[in-house]
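Residue strings, one per chain:
Protein chains: 2
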Amino acid sequence: MSNLEIRPRSGVAFTMNRGDILTVIDPLGEQVADLVAYAQTDIREVISSGRTLDYASRLFLTTGDPLYSNRSNVMLTIIHDDVGRHDFLLTPCSEDTFRIIYGDTHPHQGCFGNLADALRPFGIEPDAIPVAFNCFMHVAIDGKTGEISVQPPLSRAGEEIRFRAEMDLIIGLTACSALQSNNGSFKPICYSVTPAEELVPSQHA
Amino acid sequence: MSNLEIRPRSGVAFTMNRGDILTVIDPLGEQVADLVAYAQTDIREVISSGRTLDYASRLFLTTGDPLYSNRSNVMLTIIHDDVGRHDFLLTPCSEDTFRIIYGDTHPHQGCFGNLADALRPFGIEPDAIPVAFNCFMHVAIDGKTGEISVQPPLSRAGEEIRFRAEMDLIIGLTACSALQSNNGSFKPICYSVTPAEELVPSQHA
Numbered sequence: 001m002s003n004l005e006i007r008p009r010s011g012v013a014f015t016m017n018r019g020d021i022l023t024v025i026d027p028l029g030e031q032v033a034d035l036v037a038y039a040q041t042d043i044r045e046v047i048s049s050g051r052t053l054d055y056a057s058r059l060f061l062t063t064g065d066p067l068y069s070n071r072s073n074v075m076l077t078i079i080h081d082d083v084g085r086h087d088f089l090l091t092p093c094s095e096d097t098f099r100i101i102y103g104d105t106h107p108h109q110g111c112f113g114n115l116a117d118a119l120r121p122f123g124i125e126p127d128a129i130p131v132a133f134n135c136f137m138h139v140a141i142d143g144k145t146g147e148i149s150v151q152p153p154l155s156r157a158g159e160e161i162r163f164r165a166e167m168d169l170i171i172g173l174t175a176c177s178a179l180q181s182n183n184g185s186f187k188p189i190c191y192s193v194t195p196a197e198e199l200v201p202s203q204h205a
Numbered sequence: 001m002s003n004l005e006i007r008p009r010s011g012v013a014f015t016m017n018r019g020d021i022l023t024v025i026d027p028l029g030e031q032v033a034d035l036v037a038y039a040q041t042d043i044r045e046v047i048s049s050g051r052t053l054d055y056a057s058r059l060f061l062t063t064g065d066p067l068y069s070n071r072s073n074v075m076l077t078i079i080h081d082d083v084g085r086h087d088f089l090l091t092p093c094s095e096d097t098f099r100i101i102y103g104d105t106h107p108h109q110g111c112f113g114n115l116a117d118a119l120r121p122f123g124i125e126p127d128a129i130p131v132a133f134n135c136f137m138h139v140a141i142d143g144k145t146g147e148i149s150v151q152p153p154l155s156r157a158g159e160e161i162r163f164r165a166e167m168d169l170i171i172g173l174t175a176c177s178a179l180q181s182n183n184g185s186f187k188p189i190c191y192s193v194t195p196a197e198e199l200v201p202s203q204h205a
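For the record, the sequence lines run as chains A and B.
Here the first sequence is numbered in the numbering used here, starting from 1 and rising by one per residue.
Here the second sequence is numbered in the numbering used here, starting from 1 and rising by one per residue.
Okay, chain A solo, but in the shape it has when bound (with noise of 0.2 Å):
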């Protein structure tokens, strides 16, 4: 499948089913997109920063991670990553993201509002979008202190991280509206989803 483009500060949500491959690519380099997940046969199923982390033991995941729901089920697992370095602590940027952070007096909706906009066909509502599994965001955090910064992120032009997702599955998919975390350009953020069918056996590893 060819890759599509989220056009800056924009998102998206589509399914994924058991066995298929979600890989989400930086085209230009310091670009985050917001990953979030619900199960197809229950959308209360949802990806769970505080489940993952807390079975890591690990706040920053990479190859052979699994991700799990707030029911402990793997929904997705990372099988490559060429950056090493993402966030699974903060809330999608948003209109009070922008207001109590930025000051901004007219803010933008932010990856919680286009989340929201590209998620509700699938009947899922705004209260129900989680902290994201966001892909190439670079939190520096201070383990003494326990002070987190939002630096630039590491990932470089044509980078990508790849998922398996572990069961059927609804994808939303930002490119991040925050200026901070994408080091103050807004930029397009590519995915492509391999069916498992399509696989040649190396690609299941």
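Some hints could be false.
With a straight-line cut-off of 30 Å between C-alpha atoms, the simulated DSSO-like cross-links for lysine-lysine are [to be verified]: (1) Lys144/B x Lys187/A; (2) Lys144/A x Lys144/B; (3) Lys187/B x Lys144/A.
Not everything, but these chain B residues come out facing chain A in the computed CB check (under 7 Å) [as the list claims (entries may be wrong)]: (4) Leu53; (5) Ser57; (6) Arg58; (7) Thr62; (8) Ser72; (9) Met167.
Which bits of chain A does chain B cover? Going by a derived footprint, with three or more residues having C-beta under 8 Å, they are [what the hints assert, rightly or not]: (10) 48-62; (11) 85-91.
No lab work stands behind these hints, which were simulated from the structure alone.
What you are looking at is a predicted structure, and each value in this text was computed from that prediction instead of being measured.
Where a beta carbon is used, it is the ideal one built from N, C-alpha and C, also for glycine.
Please build the complex by placing chain B on the supplied structure of chain A, with the hints as guidance.
Leaving out everything else, chain B in the frame of chain A:
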């Protein structure tokens, strides 16, 4: 109001109105209490670790810090803190925690099951239980590797944390059920809710 006791490995739920003060006490020391909150007017509005940590730009919260909902409204403010170290990253312990992390074959239902039981009469479903604000939980973080490790709580016998309700709330609160989080033993938690109208002026601070 006199103190109420949550017996070891159990949980409760109750309502608070705006302005009321919740005091959570660790009577014996080194015991964690998981706290979740929902808006009385709409239980889809729920405490959010992702929004709170994002707006605080800090993982460790203490006196003066607001706890936000998934709609970016302040639900609670920490107004007093004897201990200074709590966790807002990890999911309430559950059957899955004990199965996945401890390898238990007949796992306890954990804080998650205790919260689910206590919150059910309020119409709150298990799927709607988020990352809790884990009072007294001591999670050490390596900022370089992202490794997280659960350490003995820093709370000593009788120490407490107090919260002011900033809206009308349903609260879930536990005496945590995970051995590792409580330095190897299960102890009670005490709490009290002081109605706003009974506060003397200095308690409003």
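Verification of the supplied hints:
{"no.": "1", "hint": "Lys144/B x Lys187/A", "verdict": "holds, 28 Å"}
{"no.": "2", "hint": "Lys144/A x Lys144/B", "verdict": "holds, 11 Å"}
{"no.": "3", "hint": "Lys187/B x Lys144/A", "verdict": "holds, 28 Å"}
{"no.": "4", "hint": "Leu53", "verdict": "holds, 6 Å"}
{"no.": "5", "hint": "Ser57", "verdict": "holds, 6 Å"}
{"no.": "6", "hint": "Arg58", "verdict": "holds, 5 Å"}
{"no.": "7", "hint": "Thr62", "verdict": "violated, 10 Å"}
{"no.": "8", "hint": "Ser72", "verdict": "holds, 4 Å"}
{"no.": "9", "hint": "Met167", "verdict": "violated, 15 Å"}
{"no.": "10", "hint": "48-62", "verdict": "holds (count 11)"}
{"no.": "11", "hint": "85-91", "verdict": "holds (count 3)"}
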